[in-house]
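Asks: Since each chain sits alone in its own frame, please combine them into the complex, following the hints.
The listed protein sequences derive, respectively, from chains V and L.
By the working numbering, the letter at position 100 of the first sequence is numbered 100, and the numbering carries on one by one without gaps.
By the working numbering, the letter at position 47 of the second sequence is numbered 162, and the numbering carries on one by one without gaps.
I should point out that these hints are in silico values taken from the structure, not numbers from a laboratory.
Keep in mind that the hints are not guaranteed to be accurate.
Stated by the list, open to error - Derived pair list, reagent style DSS-like, types lysine-lysine, alpha-carbon separation capped at 27 Å:
| # | chain 1 | residue 1 | chain 2 | residue 2 |
| --- | --- | --- | --- | --- |
| 1 | V | Lys102 | L | Lys185 |
| 2 | L | Lys172 | V | Lys3 |
| 3 | L | Lys172 | V | Lys102 |
| 4 | V | Lys102 | L | Lys198 |
| 5 | V | Lys102 | L | Lys186 |
| 6 | V | Lys102 | L | Lys129 |
| 7 | L | Lys124 | V | Lys110 |
| 8 | V | Lys102 | V | Lys16 |
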Amino acid sequence: AQKITQTQPGMFVQEKEAVTLDCTYDTSDQSYGLFWYKQPSSGEMIFLIYQGSYDEQNATEGRYSLNFQKARKSANLVISASQLGDSAMYFCAMREPYNFNKFYFGSGTKLNVKP
Amino acid sequence: DGGITQSPKYLFRKEGQNVTLSCEQNLNHDAMYWYRQDPGQGLRLIYYSQIVNDFQKGDIAEGYSVSREKKESFPLTVTSAQKNPTAFYLCASNPGQVPSYNEQFFGPGTRLTVL
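Pulled out of the complex, with its shape left as it was, chain L reads as follows (with noise of 0.2 Å):
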């Protein structure tokens, strides 16, 4: 079954320690996201990647950084310097093509909750 995968559901860290959120979708797409969401809110941009080796900043990228190695995968770092970490993260992707009009796909989430 294709889809996107995120790991860990629920994830724990101590204040001051960076932590990384993975995300690996088999769906062949060439675009990646990663979303923020506070409860009660709306999705947030964190960054987005276009293709491999490449990825954009998005509306609230300090304190995070993402890499994008491989297609398939497009992890996040939440570093130690984020204030305020505790919080939904949704990753998604798409085909990515111009004029594509495909919906976002995503995976099922990590909530991460700072101690």
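So that you can see chain V by itself, here it is in the shape it has in the complex (with noise of 0.2 Å):
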């Protein structure tokens, strides 16, 4: 079974609006972390955000921001106020840490930020 499921294989939005990639994830453990990249055509995977299962509240880091939640397994990314910087792929990851430490990603979203 797929561990992490990213639906939208592309989207586009326009400059300076807001964008939500969805992600949902399948785990029967109660403690794990779940966290998205961002990787441009260069190839290198970007850190961008981190939701740990136990935290209560979203994560946001600048205009990231990720609606957790639990009980529907999801942990979409909102992006505000696009740039035409944030045009890349971006992946949806999964760490299970009593599962010896394995990551799990998505297939990806690619997002086209239209001028």
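Replies: So this is what it looks like as structure tokens:
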């Protein structure tokens, strides 16, 4: 079974608008971490934001926020005020620290920001 | 500066040849990982290592081999048994302690092309 599901292969957003990238996950562990990474065309993986399973508040990092709905097992990334430089692939990932520290990545969402 | 280095950035090999991809980190991390990424796809785990002299197969280990003789180094060998080795290879690390929730730190990647 897929551990991380990203159902939006590609998305477009107008510059300066907000966009939500969807992510659902599957785990039976109570303790886990959720991450979002950005991958520009250069290929490097850039860490954006982290949410722990026990965190009661949604994580925020500048223009990035994570909409964490534990009961629904979803961890959507919200990018506010999109910029042209936000055009990239975005990956959702989950870490199961008690499962050999494995990380699971989704298939990604390609975001295109239009001027 | 602490980080992960991968060399070379681009690698070409002929069919039937083994090739070794280098990954070095100076972050003093215990855990290291190798991922494969095909165009437009997510990351798939090849091998991972929690400590020196120990490593486990990931989801797509066939045709690959690794070693972990030093904490800083986790080289990946792509053998001639790997039927479709052309891909982007990413090395990653994290501190590895449980229940740490640190993100994965990634190297810049190596693009392997089989001619």
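Asks: Does each hint fit the structure? Answer for all of them.
Replies: Hint-by-hint comparison with the structure:
no., hint, result
1, V:Lys102 / L:Lys185, "holds (20 Å)"
2, L:Lys172 / V:Lys3, "holds (18 Å)"
3, L:Lys172 / V:Lys102, "holds (11 Å)"
4, V:Lys102 / L:Lys198, "holds (25 Å)"
5, V:Lys102 / L:Lys186, "holds (18 Å)"
6, V:Lys102 / L:Lys129, "violated (33 Å)"
7, L:Lys124 / V:Lys110, "holds (23 Å)"
8, V:Lys102 / V:Lys16, "violated (36 Å)"
Hints 6 and 8 from the list above are not met by this structure, while the remaining hints are.
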